[in-house]
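Student: First to last, the sequence lines map onto chains Z and D.
Per the working numbering, residue 393 is the first one in the first sequence, and the count goes up by one each step.
Per the working numbering, residue -1 is the first one in the second sequence, and the count goes up by one each step.
To be clear, the hints were calculated from the coordinates, so they are not data collected in a lab.
Here a beta-carbon is modelled for each residue, glycine too, at the ideal position from N, C-alpha and C.
No false leads were slipped in.
Far from chain Z, some chain D residues (derived; all Cβ distances over 10 angstroms):
no.: 1; residue: G147
no.: 2; residue: V174
no.: 3; residue: P207
no.: 4; residue: D226
Here are the computed lysine-lysine pairs in the DSS-like style, where the Cα-Cα straight-line distance is at most 30 angstroms:
no.: 5; chain 1: Z; residue 1: K669; chain 2: D; residue 2: K230
no.: 6; chain 1: D; residue 1: K191; chain 2: Z; residue 2: K499
no.: 7; chain 1: Z; residue 1: K436; chain 2: D; residue 2: K191
no.: 8; chain 1: D; residue 1: K191; chain 2: Z; residue 2: K702
no.: 9; chain 1: Z; residue 1: K619; chain 2: Z; residue 2: K571
no.: 10; chain 1: D; residue 1: K230; chain 2: Z; residue 2: K655
no.: 11; chain 1: Z; residue 1: K571; chain 2: Z; residue 2: K702
no.: 12; chain 1: Z; residue 1: K501; chain 2: D; residue 2: K191
no.: 13; chain 1: Z; residue 1: K619; chain 2: Z; residue 2: K508
no.: 14; chain 1: Z; residue 1: K499; chain 2: Z; residue 2: K436
no.: 15; chain 1: Z; residue 1: K571; chain 2: Z; residue 2: K499
no.: 16; chain 1: Z; residue 1: K737; chain 2: Z; residue 2: K417
no.: 17; chain 1: D; residue 1: K191; chain 2: Z; residue 2: K439
no.: 18; chain 1: Z; residue 1: K497; chain 2: D; residue 2: K191
no.: 19; chain 1: D; residue 1: K230; chain 2: Z; residue 2: K737
no.: 20; chain 1: Z; residue 1: K737; chain 2: Z; residue 2: K669
no.: 21; chain 1: Z; residue 1: K508; chain 2: D; residue 2: K191
Across the chosen pairs, the derived CB separations fall in these ranges:
no.: 22; chain 1: D; residue 1: E202; chain 2: Z; residue 2: H500; range: 45 to 51 angstroms
no.: 23; chain 1: Z; residue 1: A582; chain 2: D; residue 2: K197; range: 52 to 58 angstroms
no.: 24; chain 1: D; residue 1: L46; chain 2: Z; residue 2: T757; range: 57 to 63 angstroms
no.: 25; chain 1: Z; residue 1: A681; chain 2: D; residue 2: D226; range: 23 to 29 angstroms
no.: 26; chain 1: Z; residue 1: H449; chain 2: D; residue 2: L46; range: 27 to 33 angstroms
no.: 27; chain 1: D; residue 1: P104; chain 2: Z; residue 2: T682; range: 54 to 60 angstroms
Below are the chains, spelled out letter by letter.
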Amino acid sequence: MDIFLSEKNRTVRRSVHTFCARELKPIANEIDQEASFPWDVVEKMGKLGYFGIQVPHELGGAGLDTVGYIIVVEEVSKVCAALGLCISVHNSVAVYPLLAFGSEKQKHKWIPALAKGEKIGAFCLTEPNAGSDASGIEATAIRENDHYVVNANKVFVTNGGVADVCLIFARSDPSAGRKGISVLVTERGAPGFVVGDLEDLCGVRANPVTSIRLYDCRVPVDNLLGKEGMGLRIGLAALDRGRIGVASQAVGIAQAALEASVKYARQRHQFGVPIAKHQALSMMIADMATQVDAARLMTYRAAVLSDQGKPFSQASAMAKLFASETSTTVTDLAVQIHGGYGYSKSYAVERYFRDARVTRIYEGTSEIHRMVIARGVIGS
Amino acid sequence: MEIHLIVCVKSVILNAPTGKILRSSDSCELNPYDRPALETALRIRDELGGRVTAVSMGPHSCAFALYEAMAMGVDNAVLVCDPALAGSDTLATSSALAAAVKKLSPVDMVFFGTRSADSDTGQVGPQTAVLLDLPLVTNVHAWECKDHGLIVQREADGFLERLEIGFPGVLTINPVSAPPRDLGLSSIDLVFKQGQVQKWSLRELGLPPGCVGEAGSGTRVLALSRADRARKCEFLEGEAEAQVDRLVERLLESGLI
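Okay, chain Z solo, but in the shape it has when bound (with noise of 0.2 angstroms):
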């Protein structure tokens, strides 16, 4: 899994892991249950990095490539799938949108506070009638002279809780349909901007999502990210990178669950041998640990892609699909490895399973992935 690698990549995520494991570790399962925000651990990723991973120097970020970036993502969601999902979201989804679209006065004005974690970022795509078909959404940023009066009613905004800095996408032609959307930084604290209620999720649950209302919420038409009507384009770009963010979460979970699955089966005893000597279980192992090579790799491929500036929406695409599943059956298989305790939250195993689920879902389920896929592959 390494031949990608090069030593400063090596000295990230040893770094990544270090830190991790002293100040997430030991919260990660309170966290969860409780579905509380560790700000302090936040502020601390902030200060080293963790916010503006991809971001120039100039701008206060790390400097790093896509390959530095899902390090990052897959070992902080190897240890907590919500804040590695919070980490991945406020880079890809909402500080890449701003650094490829934005002007040199938007850059500067929001980006050095989103480098160093001072703000949260959000992305405000999902409304109650539309998901995976983006182009059917609702809301409307109607201009008036200077501003743009914005309703929106957005559902499942990751990070949406403790979001400063929200991307809302929204309808300012409503007649030009598709070609009609675009995209407003909107910031926490307008009137207007209400942020709804906490979801009781599945997993993930140490990340705040809720919905984000906009009601005649007054935007100024500074805030317009491109031009109107690129809301598509900046979403699908932003999806793009996403999905490798996606992806390497789901690794993350995966290896942790294959990880938590190992030891366990060395320690635990049936019939008088390590169950990890019974050839039902270490078959298990091993094609666990084939795929969540196989999805590393091609996690790998599609951020190598990106860093070569080479097309990489079919592989971020087929990296998304494939590390999602292979993250939720690899979870399952490492409950079932841990048999009833698997089952407890006194194992984290348990906490893998509930985290992996969503990877299959949010930023393209994998039924639109595999459309976006056989379209690659057959033609249109």
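Fit chain D to the supplied structure of chain Z, relying on the hints for placement.
Tutor: Relative to the frame of chain Z, chain D by itself:
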């Protein structure tokens, strides 16, 4: 006064070797006991002004440990690297490090961890101090800066000892002295883009090959095998109070308390 501090670091083997030791960033890490020494030197530098140089000895693949030191904030890094160093024991290693410290002089203080996580001898710091003919304080738990030196505190056998040590000197740093900082991603990126590790061969150090490697070693490892720790489980019977008495008795018998 701009001070110059040197920290000697080692990349240690992560797992007990089963055959020939191949040192790389996958099989090794920066000795965890060296991180507090680096942290201490960096804090003293920040207080007094000056620079910190990290020095290590090992093959090229060990340079990663020095990059980590630079990502922590060290100003310069030197790797003493020569095929003739292979097989060096702690004395030969100390000879090489002492030669590097001399070449880096003037120096105000040389820092070591108390020991290495792999070979666990704790000899290299003190031996290097002797070879450099410098005063030494081992197992330093706390420090404060004074003019032209440091006040240090060491703990030994239940006693706290406060000592004054002038520049130049040598310290071995106990891990409690300064919890090491985490590496920021930005520092890692910049160090690998811009940082450089100087590599010095024996020739550049002016050391004859006979002083180091197997030839310069007073000891030789004859065999290395995994130590098996026998574990046993003992159940104490009876009422809770009787169990506690018996437990205390057993702990006393075994010398654990």
